[in-house]
Structure formats: C-alpha cells, structure tokens
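Undergrad: Protein chains in written order, with the working numbering: chain P, 7 to 292; chain V, 19 to 195.
Since the hints were derived computationally from the structure, they do not count as laboratory data.
No experiment lies behind these values; they were computed from the predicted model shown.
Quick reminder that beta carbons are idealized off the backbone N, C-alpha and C, glycines included.
Among the hints, erroneous ones may be present.
To be verified - One side of the interface only, derived from the structure: several residues of chain V facing chain P at Cβ under 10 Å:
hint	residue
1	45
2	88
3	91
4	97
5	100
6	109
7	121
8	125
9	145
10	147
11	158
To be verified - Listed next, the stretches of chain P that the computed footprint assigns to chain V, with coverage defined by at least 3 CB atoms under 8 Å from CB atoms of chain V:
hint	region
12	25 to 31
13	34 to 46
14	53 to 65
15	141 to 152
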Amino acid sequence: MLKSALSLGSVVQRFAFLLFAGLAIGLMVLSRIEHPAVSSVRAQAVDVLAPVIAMVSRPMAAIDSGIARIDHFFDVYDENVILREENRRLLHWQTTARQLDAENKDFRELLSTVAEPRNAFVTARMIGMSSGTFVRTALINAGTHDGIAVGQAAVTDDGVMGRIVELGTRSARILLLTDLNSRVPVALESSRAPAVVAGDNSNILSLMFVADGANVQIGERLVTSGEGGMLPPGLPVGVVTGFEDGIWFVTPFVDPARADFVRVLDYALPGLLPTTREAGAAGQLW
Amino acid sequence: MDGKVGKLRQALVALAPPLTGIVLVLITATPLYIGHVGQIMPQMGVIAVFFWVIYRPDLMSYGAAFAIGLVADLVTGAPLGVSAMVLLVVRRVVLAQQRFFIGKPFHVLWSGFALVALPAALLQWLLASIYLFAGLEIVPVLLQAALTTVLFPPVSWVLTRCQVLLPMPRTPLHNRS
Numbered sequence: 007m008l009k010s011a012l013s014l015g016s017v018v019q020r021f022a023f024l025l026f027a028g029l030a031i032g033l034m035v036l037s038r039i040e041h042p043a044v045s046s047v048r049a050q051a052v053d054v055l056a057p058v059i060a061m062v063s064r065p066m067a068a069i070d071s072g073i074a075r076i077d078h079f080f081d082v083y084d085e086n087v088i089l090r091e092e093n094r095r096l097l098h099w100q101t102t103a104r105q106l107d108a109e110n111k112d113f114r115e116l117l118s119t120v121a122e123p124r125n126a127f128v129t130a131r132m133i134g135m136s137s138g139t140f141v142r143t144a145l146i147n148a149g150t151h152d153g154i155a156v157g158q159a160a161v162t163d164d165g166v167m168g169r170i171v172e173l174g175t176r177s178a179r180i181l182l183l184t185d186l187n188s189r190v191p192v193a194l195e196s197s198r199a200p201a202v203v204a205g206d207n208s209n210i211l212s213l214m215f216v217a218d219g220a221n222v223q224i225g226e227r228l229v230t231s232g233e234g235g236m237l238p239p240g241l242p243v244g245v246v247t248g249f250e251d252g253i254w255f256v257t258p259f260v261d262p263a264r265a266d267f268v269r270v271l272d273y274a275l276p277g278l279l280p281t282t283r284e285a286g287a288a289g290q291l292w
Numbered sequence: 019m020d021g022k023v024g025k026l027r028q029a030l031v032a033l034a035p036p037l038t039g040i041v042l043v044l045i046t047a048t049p050l051y052i053g054h055v056g057q058i059m060p061q062m063g064v065i066a067v068f069f070w071v072i073y074r075p076d077l078m079s080y081g082a083a084f085a086i087g088l089v090a091d092l093v094t095g096a097p098l099g100v101s102a103m104v105l106l107v108v109r110r111v112v113l114a115q116q117r118f119f120i121g122k123p124f125h126v127l128w129s130g131f132a133l134v135a136l137p138a139a140l141l142q143w144l145l146a147s148i149y150l151f152a153g154l155e156i157v158p159v160l161l162q163a164a165l166t167t168v169l170f171p172p173v174s175w176v177l178t179r180c181q182v183l184l185p186m187p188r189t190p191l192h193n194r195s
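Just need the whole structure built from these sequences, with the hints factored in.
TA: This is how it looks when you write it as structure tokens:
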C-alpha cells in the first residue's frame with residue numbers, strides 16, 4: 007500500500023501524511039482517556055520487544071560498566087577511606103539494631119501484636135529506562151508469569167524506586183518516584199508526620215500535604231507510611247535537601263540509572279487489597 | 019524460486035531503514051549511566067528519519083516514520099502517538115528540502131539537522147505538555163536537542179555504512195518528491 011502511495015505522487019503522499027497524523031492523534035486521545043486497550047496493547051508490545059531490548063541492552067551495559075570501572079579506579083583510595091569509616095559506624099549500628107530487634111520482639115510478645123504480612127519478592131533485571139523529559143519509567147524482565155501485579159513496590163537496597171503500573175506476561179513497567187504522575191504517601195522518620203512526595207519529571211521530588219505543625223528540617227529522612235496500602239510501611243524514600251518558595255525538596259535515595267536489578271515486593275494485606283489487582287487488570291491505574 | 023528470493027531480498031531492503039531506526043530507538047531505551055548525564059536521552063528516531071529521507075526517501079515512508087515513533091512511545095512509556103507525530107512532521111519537512119541536501123558537504127547536512135532537531139524537540143515538548151496538561155520544563159528539551167545534534171555525525175556514519183549495502187533505487191531520486 008505504501009509503495010503504491012509513493013508512485014502515485016504528491017497527492018497520495020499528502021494523504022498518507024494526513025492518514026498517519028490522524029492515527030497518531032487518535033492514539034494520543036485514546037491514551038489520554040486511558041482506554042484499557044491502549045494499556046494492554048502497550049504491555050503486549052513491550053512483552054514482544056522485551057527480549058530484543060534485553061539483547062540490545064547487554065552491549066550497552068558492558069560499555070556502561072567499563073566506564074564505571076575506569077571511574078572507580080580513580081577514586082579507589084578516597085573510597086577506601088570513606089568505606090572504612092562507614093564500616094566502623096555500621097558495626098556500631100549493627101549492635102544497636104540487634105539490641106533493638108530483640109527488645110522489639112519482646113515488646114511485641116508482651117503486647118500480643120498481630121504479625122505483619124511478610125514481604126515475598128521477585129528480583130528482576132532492569133532492561134529499559136526512559137529517564138526522558140516527559141516520562142520517568144523503567145522496564146524489568148518479569149511480569150505476571152513471575153507473580154508480579156500492578157501496584158507492587160519496586161525497591162533496591164537503597165530504598166523505594168517506584169511501583170508497577172503496567173504488566174505483560176514477562177515484562178513490567180515501573181513508574182519511578184520522579185515521574186510527573188507519581189505520588190507516594192510518606193512519613194517523616196523522626197516524627198511520623200504524614201506527607202506525600204510528588205515527582206515532576208526532574209531528579210528532585212517535592213513534599214506535599216505536610217501535616218500542620220510538622221517540624222520538617224533539612225536532612226530529615228522520609229519513609230513510606232504504608233497509607234493507602236499500596237506500599238509496605240517503613241521503606242526509605244528520600245531525604246529532605248532543600249526549601250524554596252514554601253516547598254520542601256526531597257532527593258530520592260534510589261538512583262534508577264544505577265540500578266541493575268530491582269526487587270518487586272508482593273505486599274498483600276489479606277482481604278484489604280483486592281482492588282489494586284482488579285484495577286490493574288482493567289488498566290485503571292495508569 | 020528465484021522470484022521468491024528476489025521478493026525476500028526486496029522486502030529486506032525495504033525494511034532495513036525502519037529497522038535501523040527501531041534499533042537506534044531501542045538502544046536509547048536501555049539503562050545507561052555515562053558520566054552522570056544519563057538523564058537526557060537523544061532523539062534517535064529523528065536522526066534515522068532525517069538521514070533516510072535525504073538518502074533513500076523511497077525506503078522511509080510515512081508509515082515507516084510512524085512505526086519508529088510508535089516503538090519509541092511504546093518502549094519509553096511516553097504518551098502513545100507523540101513521537102510518531104513528531105517523526106511524521108520531520109519526514110514531511112525534510113522531504114520538502116531533500117533536493118537541497120543531496121550532494122552537499124557534511125557540515126551543511128549537520129547544520130540542516132540541527133535546524134530540524136530543535137523544532138522537533140520543541141514539538142515533542144509541546145505535544146507532551148498539552149497531553150499531560152502541565153508546563154514541562156524546557157531546559158531538558160533544549161539539552162536533548164543539543165545532544166541529538168552532537169550524536170548526528172557518529173550515528174549517520176553508521177547509517178551510511180548500512181546505506182551503501184542497499185541496492186540503488188531503479189528510478190532517480192529527484193523524480194520522487
């Protein structure tokens with residue numbers, strides 16, 4: 007069809023342009039009104055493309071790690087000094103944590119606290135990243151086949167990276183904390199005052215809906231509050247690093263560009279959360 | 019048998035330019051962290067469409083440009099149709115100027131590309147801003163256009179290597195507009 011369009015000259019050419027432009031606009035509208043078909047087609051297309059992306063990403067990852075290695079070579083001495091210092095500090099914390107853990111267990115037993123659901127998790131490789139100007143998402147090589155569901159939290163060793171918004175059988179898309187559409191309920195670590203961190207497609211998050219009278223300070227750590235039941239409580243999110251025009255800025259702990267693998271947590275509060283999955287199946291969360 | 023091989027060959031030749039574009043788009047979708055600037059992604063699709071429309075417009079149809087843009091949107095999770103629309107416009111604009119670029123030295127081609135890459139990035143920014151109904155920051159968009167322009171020489175060098183492998187079109191290029 008395209009060939010004949012070419013040979014029939016500019017009138018048909020113009021027609022082809024209009025045809026495809028119309029198609030593009032149609033897709034934008036369908037995508038905007040969050041038509042379920044768009045979400046499922048997108049997930050299926052990514053499923054098909056995932057092995058190709060994974061293949062293409064291997065040589066790129068090799069180049070990347072080569073550059074990182076050269077980078078590391080130059081700061082090996084400084085890093086060693088910092089790590090020794092950190093190790094000393096962490097050993098101290100380890101002792102403290104063990105004591106607190108034991109103490110906590112005793113208290114729980116004394117109070118007969120209901121046990122929290124344990125997190126099961128799936129570890130997946132990051133195969134795609136769109137840290138673009140319009141959208142901040144990442145692709146991983148695990149999907150429904152591996153037990154992943156929409157709404158689950160994606161974490162690394164450093165903290166929360168985002169949550170699953172789109173699902174194929176063998177691939178899934180993570181909406182990063184920094185995306186324009188990302189809102190995560192958090193709590194200030196020191197006072198447990200609730201707030202929400204919002205992304206705006208930059209590398210910095212902003213703190214919204216801070217409770218009145220909450221004493222926010224630079225250096226304050228934020229953890230997930232577990233409100234809304236989307237994410238498990240207590241996962242590190244970021245640290246408050248600035249204040250401008252009445253808005254607190256938060257630097258996330260996780261730099262998605264540096265993560266090779268992510269863990270997807272299956273945090274299912276029994277009986278509380280069927281809606282997340284149902285909504286996910288209908289593509290309503292995107 | 020010979021006819022089948024010939025047809026297969028023809029199909030491969032016709033698919034080569036869009037495929038190079040799609041591979042380029044997939045490469046930019048991989049996680050990369052080079053020198054702390056990994057946050058800006060070049061618009062590889064624009065390079066591919068610009069290059070092929072100038073040298074083989076017969077093999078970079080509106081359909082092919084649309085397909086490359088669609089793959090870019092699908093993979094990056096961007097609003098569907100935005101990159102496709104941008105590449106359609108790029109194809110149309112570059113096709114109108116195609117004769118001017120034929121046989122010109124590389125620096126002219128490069129400057130021409132810069133003049134296309136910036137409006138293309140701005141168009142994408144505009145479409146995404148309307149779509150998301152939010153005033154997105156413009157500085158990353160300008161950086162994106164700059165990075166795309168910087169990457170044009172190496173990428174077009176690779177594409178030239180692909181282009182010389184393709185058989186010449188049967189009718190002269192300047193008859194196609």
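Undergrad: Hints first: check each against the structure and report whether it holds.
TA: Hints versus structure:
no.: 1; hint: 45; result: holds, 6 Å
no.: 2; hint: 88; result: holds, 8 Å
no.: 3; hint: 91; result: holds, 8 Å
no.: 4; hint: 97; result: holds, 5 Å
no.: 5; hint: 100; result: holds, 6 Å
no.: 6; hint: 109; result: holds, 8 Å
no.: 7; hint: 121; result: violated, 22 Å
no.: 8; hint: 125; result: violated, 28 Å
no.: 9; hint: 145; result: holds, 7 Å
no.: 10; hint: 147; result: holds, 9 Å
no.: 11; hint: 158; result: holds, 4 Å
no.: 12; hint: 25 to 31; result: holds (count 6)
no.: 13; hint: 34 to 46; result: holds (count 5)
no.: 14; hint: 53 to 65; result: holds (count 5)
no.: 15; hint: 141 to 152; result: holds (count 4)
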